[in-house]
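**Student:** Starting from the structure of chain E, add chains P, F and R where the hints point.
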Amino acid sequence: MKGALVFWPPTASARAAEVDHVVIAFTVVLLCLTVPIFLFMTYCAWKYRAGRAADRSHPQARNLKIELSWMLIPFGLALIFFVWAARIYDDELHPPPNALQIDAIGRQWMWKFQHPGGQAEINDLHVPMNEPVRINLISQDVVHALYIPALRIQMDAIPGRATFLWFDADRAGKYRLYCSEFCGTDHSRMAGTLYVMEPKDYEAWLAAQGSVAGLAEQGRELFSRFGCSGCHERGSTVRAPSLAGLYGSPVPLEDGRIVTADVSYIMDKILYPDQNKIAGYKQKMPSFDGKISDSDLLRIVAFIRSIGTT
Amino acid sequence: MPDGVGIELAEQFSSARQQKETGELGMWVFLLTELMLFSTLFVSALILRMLHPGAVTAAALHLKMWIGGLNTAVLITSSFFMSLAIELSRAGRTSPMRLCMVVTAGLGVLFLCLKGYEYYRDYAEHMTPFFAWRPYGLLGDPASRLFVDLYYVITSLHAVHLTIGIGLVMTMQHLARAPGFLSRHANRIAITGLYWHFIDLIWIIVYPTLYVLNR
Amino acid sequence: MSGRSVLSMLLKPALVWIALMALLGAISAIGALVPRGHWWVAELACAGAMVAIVVLFSMEMWRHAPIVRLFSVLGFFWVAILFGLTMVDYATRSIAPQ
Amino acid sequence: MSELVLRDAPPPVATIGRPETYLNDGQTIRSWLFTTDHKRIGVLYLISITFFFIIGAIAAGLIRLALVVPDGSILTNDIYNKLFTLHGVIMVWFFLVPSIPNVLGNFLLPIMIGAKDVAFPRLNLLSWYIFMGAAVFELFVLIAGGVDTGWTFYTPLSTIYSNSWVIPAVLGVIVVGFSSILTGVNFITTVHTMRAPGMTWFRMPLFVWSMYATSLILVLATPVLTMAMVLLFYERAFGIGVFDPGAGGDPVMFQHLFWFYSHPVVYVMVLPGMGVMSELVTAFAYKRVFGYTFIAYSSMAIAAIGFFVWGHHMFFNGISEYSGMSFSLLSFAVAVPSAIKVYNWAATIHKGEIRLATPMLYAMGWIALFVVGGITGLFLASLGIDAHVHDTYFVVAHFHYIMVGATVLAFLGGIHYWWPKITGKMYPEFWGRVSALFMFVGFNMTFAPQFVLGYLGMPRRYHTYPPQFQFLNILSSAGATVLAAAYLFPLAYLLWSIRYGRDAPPNPWDARGLEWTIPSPPPPHNFEEVPVVDFEPYDYPNRIPEA
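Protein sequences, first through last, are from chains E, P, F and R. Letter by letter, the first sequence follows residues 0 to 309 of numbering that gives the first Met the number 0. Letter by letter, the second sequence follows residues 0 to 214 of numbering that gives the first Met the number 0. Letter by letter, the third sequence follows residues 0 to 97 of numbering that gives the first Met the number 0. Letter by letter, the fourth sequence follows residues 0 to 546 of numbering that gives the first Met the number 0.
It is worth saying that the hints were derived from the structure and are not from the lab. Hints may contain errors.
As the list claims (entries may be wrong) - Below 30 Å or equal to it, Euclidean Cα-Cα: the simulated BS3-like pairs (lysine-lysine) are:
(1) 11(F) <-> 114(P)
(2) 63(P) <-> 276(E)
(3) 11(F) <-> 19(P)
Said to hold, decoys possible - Just so you have them, the derived chain R footprint on chain E, three or more residues with Cβ under 8 Å:
(4) 20 to 28
(5) 40 to 52
(6) 80 to 88
(7) 117 to 129
(8) 136 to 147
(9) 221 to 229
(10) 241 to 254
As the list claims (entries may be wrong) - Residues of chain F placed beyond 12 Å of chain R at every Cβ, according to the derived structure:
(11) 6
(12) 14
(13) 59
(14) 74
(15) 91
Virtual Cβ for every residue (Gly too), placed ideally from N, Cα, C.
Next up, chain E with everything else stripped away, as it sits in the complex (with noise of 0.2 Å):
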């Protein structure tokens, strides 16, 4: 990281490996299509200039075939890298179901990452290496994205929504982290540093941050708090669906759509409990649309997640 030229970016993800060669394959195909036509032109411009004897006969104004085979062949040959590009594309949105999750909270100037077990760090993110992590996103105020070179990802923290990204590092060290969305005054300032830690250099960061109760720990303190758990808990009068095991399970909806619990969906249902109504249950429960802080949500949701899957 020091001020020495470079003309190459870190590379510390498979899938980053995997962007790099696409990147340079499709560079080679697409020389191979361009570079004759400069040569092919200097050439012309030399050979055909204005008062130097050549062969001028037989101009070709028009030729069917040869027209059709410069649109399609290049076409095809695109198109390989189109399906290559877009099976990254893919990969990048869906996460193993094991990875290690990460809250990401964007705000006017900074970024705030929130481990499993409650450690929270400003602009820094410290995370093990050959071990998916899936950092998922949000935003308080403006459109931020979180950018890493060195992974060759990003994606939008939008607010009022939930995004992710994931990675896999295989490599140790420190690399950089932007906000990569222009997002106001100190844009250029909201970026921080990437850890990739061998795991047990990771379990020793962990435990020296203190032992904070877990986020989940804390969301059901919080459930109780907000008076969740007087409608949703087992035997209370109000007939209220049971959260238990309702993480990444599906939920049939009134309108008869079927939508899969996932951390978006129970964020929306508490923000705008109208929306997405259940099949079989009379909508009552009010909207905390404003009544809740973003982290305390955060909470909540990783308590509901916690009972979700035990």
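**Tutor:** Just chains P, F and R now, kept in the frame of chain E:
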């Protein structure tokens, strides 16, 4: 074309037919831009409906559907008179044509009055979320405010276009007083008519989009 | 043509008026009497028919030059692009894998 | 040469006294400000957009100056953000969009199809007044108050969080849209109904085809931007909440509506450039264009497919996976018609009679820059690669290759080519070639390092950056200095030539096309009598022109 109906040639054209086609095509292309303008609002309304079906339905029930329906009928009738005016202009009959255009514009004014009454009723029901001093009446999901706001944006934009239309129709019928107007500018009536019918068309889309489909 | 009677001039606008009012009645009746449910398809069909009538007859698309007709169709096609591609996103968002 | 004269006799050039031209047909300020002559309106646009280009270029110069140091100590963050917003807004809406269409299009389109004027001359003048009103207002807003949202005005930054003059800036953008719409309506109707007898669709010069495609985009896309901006205005002024997630709205919806306009508008900038290229390449290769119909249809295809691809600006803002995949595939498709044109121009040069005059140098440079800009666009359209280079300097370099490399070079090439027609004077050829060369070198020096910067991971719109990027940034800023000098050259010698240049003959390039059959500068009504077209476009005999 009958005697006394025709087109005075502007200097950049070489034939009356060319000038007539140019005017009509120009108006159509302009109307395309208007169509895209309103479609942007319709697509916003549709997205809103997809994101918050419950809240939109709840809010839409508070719209005064009978006024909306009545207004649609008023505009359809005004279009009828506009069509008649165009037919009369082609026959070179200036005075009945002017009468039809006055009736057309009058129905447009009636539409605006009904719309104003509807806004007044909305105001009385506390359905004006953008007025800071007046508490919003439809409680529940915040998205209902959004729908009501969008209702005002769409209907007011339509009202602005209608007002322009009324001005255009009245100006045309006023100009048509001049002797021999139809023998010089017959195509202007038809082009004005195109605009008027288009405003009607937009309302025909607005009415189901806001009032009926969301119920 | 100058000899055309007012009655013959009335014919087309009147037919259009009757058709539009009938469709308006239908759409309003469906909206007022059967709220919710899947009647929106019928409502949309009525609205589409009304739009078609206005474009074809009131706006006299049938008597314009072919190029004008092409443009009116083009406009609606572009509206379809705007709706279609935006909706591809919104319609598939909820079932997108997390 | 003799062939053309036989087919349609050019009107006699008056040699006694001063011939009546559009330039000396009334010389008061009033006769210019109230003119409905499309040629004069074109010149009015030329003067105004040159002014706005200079303003935008000064902003760019200041940005490059600030980026010489990594710690952002030259300009404050706030001023930096306001500068790049000013640069973007002025360059996009007040230079690039009106550049070729409103200057060269206005001047040439009616002449090329053999018309006396555009279909609606008064609307044409109104369009200029709207443009000037909006532009002066916008410039005042951007300089006096400043806006710090970027030209994209993304919500909710623009609606809730920015403390700058967003509302008046948005109003200026709304108003200038009407100018675009009026121009678009005018050109479409002109092409449809004002063509001279015998000027069939497939006898139209390719420049006219590209102007027609451009106008279609302007007419169909601009209203959507207008409405998106009106909603943004309401949102900021009254808090209606359409884009506010707190009120149940969706900030991504603004991006959909914004890019529905702003992607096609990239083709508004580049299609006219392609049209100019077809004219330059054929004239200076002195040969019939290769594959006329393919080039003509590819203009229309670009205009149409350009509307299907806006989502490639939004791959990583939470649009659905299906949406991302379809937008990516469609973006690959739009490369096909662009590739056709490049291959066809290359084939046109083959067995031609090539004269490397200034316009041809611009044309050759244009093709090189456009190809680089185009193929880097394919990288951005590839989903997995875009995950890395999205919103970095790679994007900045890519769209500058397209918008500056392709549009500005085509504009300058066109200005040189038609300068004798517009002013009746020849520009100094030597200085033209020198500046074309400087432009090419300066441009590549400025923007090529930015591809590397982007791949290394430098995000765009960054006021400070990690020190290891400094070398490439200094290189880029040095290139910008060369580029600035290259812009000043033509400004100086073209102005010089108006007074001191040699008088231009009607057809100095020995080129084909109706505009070369009339005197330079053209008479007020273009043609003495309506021309009858009975020849194919670009009917070059393909032999050495006799001097």
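**Student:** State for each hint whether it applies.
**Tutor:** Hint by hint, here is what the structure shows:
For the proposed pair residue 11(F) and residue 114(P), the alpha carbon gap of about 29 Å is at most 30 Å, so the pair holds. For the proposed pair residue 63(P) and residue 276(E), the alpha carbon gap of about 26 Å is at most 30 Å, so the pair holds. A hinted pair counts as satisfied when its Cα atoms are at most 30 Å apart, and residue 11(F) with residue 19(P) qualifies at roughly 22 Å. Taking a C-beta to C-beta cut-off of 8 Å, the segment 20 to 28 of chain E contributes 3 residues in contact with chain R, enough for the three needed, and the coverage statement holds.
Remark: the segment 40 to 52 of chain E is confirmed as covered by chain R, as 7 of its residues place a Cβ nearer than 8 Å to a Cβ of that chain, reaching the required three. Here's how the segment 80 to 88 of chain E fares: 8 of its residues keep a CB closer than 8 Å to some CB of chain R, so the rule of at least three is met and the hint holds. Coverage of a stretch by a chain is defined here by at least three residues with a beta carbon nearer than 8 Å to that chain's beta carbons; for the segment 117 to 129 of chain E and chain R the count is 0, and the condition is violated. Under the rule that three or more residues need a Cβ within less than 8 Å of chain R, the assignment of the segment 136 to 147 of chain E holds, with 5 such residues.
Here the segment 221 to 229 of chain E counts 0 residues with a CB under 8 Å from a CB of chain R, which misses the bar of 3, and the coverage is violated. For the segment 241 to 254 of chain E, the proposed coverage by chain R is not satisfied: 0 residues have a C-beta within less than 8 Å of a C-beta in that chain, short of the threshold of three. With a closest Cβ-Cβ approach of about 35 Å to chain R, residue 6(F) is found to remain outside the 12 Å limit, as its non-interface label requires. Consistency note on residue 14(F): stated as away from chain R, and its beta-carbon is indeed over 12 Å from all of that chain's, at 31 Å minimum.
Distance check for residue 59(F) against chain R: the nearest CB is about 18 Å away, which clears 12 Å, and the non-interface claim stands. Separation of residue 74(F) from chain R is inadequate, the least Cβ-Cβ distance of about 8 Å not exceeding the 12 Å criterion. Under the 12 Å C-beta cut-off, the non-interface status given to residue 91(F) relative to chain R is violated; the minimum distance is some 4 Å.
Checked against the numbered hints listed earlier, the structure breaks hints 7, 9, 10, 14 and 15; every other hint is satisfied.
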